[in-house]
Amino acid sequence: MEELLEALKRANSKVDWMTDKKLYTDKVIDSIDMTSILAELEETFDIEIDMEYIVPANFDSVDAMWKMVQELMD
Amino acid sequence: MTFVELNFLIFIAITALVFYICPVKFRWLVLLASSLVFYGIAGVKYFPFIFVTSFSVFLAGRGMGRIYENMDKTIAEGEYDRKEKKALKDAAKKKCKKILVLLLILNVGILAVIKFTRFAVGPLNSLFGLLGADTHFNAAWIIVPLGISYYTFSSLSYLLDVYWKRVDYEKNYARFLLYAIYFPHILQGPIERYGKLGQRLKQELRFDYDRFCKGMQLIVWGFFKKLVIADRIDIFISGVYDDFRHTSGAMFLVAMILDVVYIYADFSGCMDIARGVSQMFGVELDLNFDHPFSAKSVTEFWRRWHMTLGGWFKDYVYYPISTSDLVKNIGKACKKKELPDWLTRSLVTVIPVTVTWVLTGLWHGTGKTYLAWGIYYAFMIFMSVTFGDSFKALGRKLNIKMDTWSFGVFQMIRTTCIFAGGRLLTRPGTLWLSKYALKTTFTDFKVWTLFDGTLYKYGLNEAGFRLAIIAILIFGIISILQLRGVSIRDSIGRQNIVFRWAVYLLAIFAVIIYGIYGPGYDAASFVYMAY
Chain A
1 MEELLEALKR
11 ANSKVDWMTD
21 KKLYTDKVID
31 SIDMTSILAE
41 LEETFDIEID
51 MEYIVPANFD
61 SVDAMWKMVQ
71 ELMD
Chain B
1 MTFVELNFLI
11 FIAITALVFY
21 ICPVKFRWLV
31 LLASSLVFYG
41 IAGVKYFPFI
51 FVTSFSVFLA
61 GRGMGRIYEN
71 MDKTIAEGEY
81 DRKEKKALKD
91 AAKKKCKKIL
101 VLLLILNVGI
111 LAVIKFTRFA
121 VGPLNSLFGL
131 LGADTHFNAA
141 WIIVPLGISY
151 YTFSSLSYLL
161 DVYWKRVDYE
171 KNYARFLLYA
181 IYFPHILQGP
191 IERYGKLGQR
201 LKQELRFDYD
211 RFCKGMQLIV
221 WGFFKKLVIA
231 DRIDIFISGV
241 YDDFRHTSGA
251 MFLVAMILDV
261 VYIYADFSGC
271 MDIARGVSQM
281 FGVELDLNFD
291 HPFSAKSVTE
301 FWRRWHMTLG
311 GWFKDYVYYP
321 ISTSDLVKNI
331 GKACKKKELP
341 DWLTRSLVTV
351 IPVTVTWVLT
361 GLWHGTGKTY
371 LAWGIYYAFM
381 IFMSVTFGDS
391 FKALGRKLNI
401 KMDTWSFGVF
411 QMIRTTCIFA
421 GGRLLTRPGT
431 LWLSKYALKT
441 TFTDFKVWTL
451 FDGTLYKYGL
461 NEAGFRLAII
471 AILIFGIISI
481 LQLRGVSIRD
491 SIGRQNIVFR
501 WAVYLLAIFA
511 VIIYGIYGPG
521 YDAASFVYMA
531 Y
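Residue numbers (my numbering), protein chains in the order written: chain A, 1 to 74; chain B, 1 to 531.
None of these hints come from the bench; they were simulated from the model. Keep in mind that a hint or two might mislead.
Under the rule of at most 25 angstroms between Cα atoms (straight-line distance), these lysine-lysine pairs were calculated in the BS3-like manner [said to hold, decoys possible]: (1) 25(B) x 94(B); (2) 196(B) x 27(A); (3) 14(A) x 165(B).
For each label pair, taking beta carbons as the anchor points, the in silico distance ranges come out as [as the list claims (entries may be wrong)]: (4) 43(A) x 342(B): 16 to 26 angstroms; (5) 493(B) x 20(A): 18 to 28 angstroms; (6) 76(B) x 20(A): 33 to 43 angstroms; (7) 501(B) x 66(A): 52 to 62 angstroms; (8) 20(A) x 314(B): 18 to 28 angstroms; (9) 50(A) x 287(B): 54 to 64 angstroms; (10) 481(B) x 57(A): 51 to 61 angstroms; (11) 26(B) x 74(A): 23 to 33 angstroms; (12) 3(A) x 72(B): 45 to 55 angstroms; (13) 287(B) x 21(A): 42 to 52 angstroms.
Where is the CB? At the ideal position from N, CA and C, for every residue including glycine.
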């Protein structure tokens with residue numbers, strides 16, 4: 001999880017990643033942030049995030065992203 | 001048959017009668033049969049097109065679905081490590097990708113040939129003429145099947161969703177055909193996703209009195225917007241652009257403003273009729289408009305205007321490009337070189353935004369005007385996304401209070417002006433006339449033409465103008481109330497029967513008496529039917 005938070009901070013250091021808001025649905029992050037997030041997650045965890053995973057539910061919280069990363073690493 | 005014909009109302013009445021007489025489990029078949037009849041009335045010659053698209057996409061979806069099923073079964077039954085699982089998944093994905101690419105080429109190809117041939121024939125003939133070749137292409141043989149842009153986009157969204165494993169594949173072709181051809185949405189959308197509409201059409205479609213009545217109310221409201229507002233002010237707007245040589249800048253300005261109301265009333269009116277008809281059968285269609293003129297930025301506007309088209313392009317064009325290796329690598333390179341934030345955002349955004357908006361423009365039409373429209377919005381969205389934060393910072397430095405209602409109103413007017421600018425590129429018909437209208441507005445305004453009766457010389461008389469203004473005010477007030485969370489239909493529904501029916505009858509008679517009909521009235525003038 002720590003590793004994920006570090007990767008997200010590298011993607012965008014200005015975002016409060018632990019906010020109560022839904023990150024994607026409530027527009028805390030935008031489509032440009034998504035590009036950086038995907039690049040960082042793929043590089044950090046050596047995974048490929050296909051389009052099937054790019055849905056709001058997977059990016060609305062750090063927990064959801066962690067769950068997705070774990071699934072892809074499995 | 002379009003939504004604003006008496007025949008359509010008779011068609012709906014007969015369909016509703018048969019639909020509710022039939023047992024619940026057969027009702028979807030009534031909808032399928034009536035959709036086929038509706039489509040057949042438009043032209044039996046169109047059937048091969050929709051059958052080719054729907055059947056090829058159905059087969060492809062089934063093929064991909066089975067490949068994934070087999071892969072899941074193999075993984076579940078065997079003991080594989082991570083690398084082996086990945087290899088199996090990659091192999092399945094590769095097979096599916098071949099099917100996907102083939103189907104995309106086939107169906108986008110059909111759409112492109114139908115939409116672009118007429119546009120390409122002129123320049124091609126000129127080119128061959130210049131080269132001295134005795135070749136002459138003719139595009140008269142091209143027919144444009146009813147709703148091709150809509151059913152193709154709906155079908156492609158299903159295909160991509162199956163490929164990305166976002167929906168389960170459909171096993172029954174008749175069910176899939178109903179999703180593609182469902183008559184309330186075949187004319188002008190909404191562009192529905194299989195995951196939503198396909199499932200709603202599978203529910204038990206039982207009679208619900210409240211929902212049935214609400215559907216009828218929405219239909220009447222749609223007719224009011226279309227027939228009383230849009231078609232009335234269209235007379236003036238068409239008159240202005242047809243007689244442009246004798247038109248003052250003031251008249252052009254009035255036409256530009258009314259054109260914004262026109263397109264909104266026309267398209268949202270049609271959507272209300274479509275959604276209302278569908279509600280009568282117990283099937284909800286997606287919302288396509290959510291008070292777009294309350295948007296404070298152009299990006300927000302496009303989240304509220306033609307939402308299903310915007311959503312389609314976002315999910316199936318913008319995201320695949322913005323998450324592609326190319327764009328991710330651009331982002332990485334920018335970070336490595338520690339470029340400033342605004343430059344990184346610009347470089348990461350420019351390709352997906354440009355491609356998405358040029359394609360959105362070409363979806364609407366194939367002439368230069370639509371290409372210009374696409375580029376115009378690509379530029380506006382690019383500026384908004386890239387420099388939005390910088391503009392806000394500048395505003396703070398200039399001590400502008402951006403959380404006040406007055407600034408909010410300014411933002412809404414600014415967004416509306418940007419939209420009007422886009423309409424000015426396409427409505428007059430040629431870019432030359434767009435430029436002429438804009439130039440005349442600034443150089444030959446003639447303010448007195450607003451007051452000396454000139455306004456009433458373009459086909460819409462004084463009484464017609466007054467009526468249009470009253471109708472637009474009603475439309476505006478209701479929109480504001482809706483924005484504040486008031487549900488007009490619920491509110492009327494809670495009143496006593498006498499008041500309720502007085503309102504219904506008043507609305508119906510307003511449409512009958514004040515709607516624009518008459519000889520030569522062409523119902524096909526629903527703007528978005530042409531796309």
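Consistency of the hints with the structure:
1. Between residue 25(B) and residue 94(B) the alpha-carbon distance is near 39 angstroms, which puts this suggested pair outside the 25 angstroms criterion.
2. Between residue 196(B) and residue 27(A), the direct Cα distance comes to roughly 23 angstroms. Compliance with the 25 angstroms bound is thereby established for this hinted pair.
3. The straight-line distance between the Cα atoms of residue 14(A) and residue 165(B) is roughly 33 angstroms, outside the 25 angstroms bound, and the hint therefore fails.
4. One distance hint, 16 to 26 angstroms for the beta-carbon pair residue 43(A) and residue 342(B), holds here, with the actual separation near 24 angstroms.
5. A hinted range of 18 to 28 angstroms is violated for the C-beta pair residue 493(B) and residue 20(A), which are about 37 angstroms apart.
6. At about 38 angstroms, the CB distance of residue 76(B) to residue 20(A) agrees with the hint of 33 to 43 angstroms.
7. A beta carbon spacing of about 57 angstroms between residue 501(B) and residue 66(A) agrees with the range 52 to 62 angstroms that was offered as a hint.
8. Here the CB-CB span from residue 20(A) to residue 314(B) is close to 25 angstroms, well matched to the stated 18 to 28 angstroms.
9. Residue 50(A) and residue 287(B) have their C-beta atoms about 29 angstroms apart, which leaves the hinted 54 to 64 angstroms range violated.
10. Taken as a hint, the range 51 to 61 angstroms is violated for the pair residue 481(B) and residue 57(A), whose Cβ atoms sit roughly 33 angstroms apart.
11. Distance hint check for residue 26(B) and residue 74(A): the Cβ-Cβ separation is about 45 angstroms, which falls outside the suggested range of 23 to 33 angstroms.
12. With their beta carbons about 29 angstroms apart, residue 3(A) and residue 72(B) fall outside the hinted range of 45 to 55 angstroms.
13. At roughly 23 angstroms, the beta carbons of residue 287(B) and residue 21(A) sit outside the given window of 42 to 52 angstroms.
Comparing the model with each earlier hint shows violations of hints 1, 3, 5, 9, 10, 11, 12 and 13; every other hint is respected.
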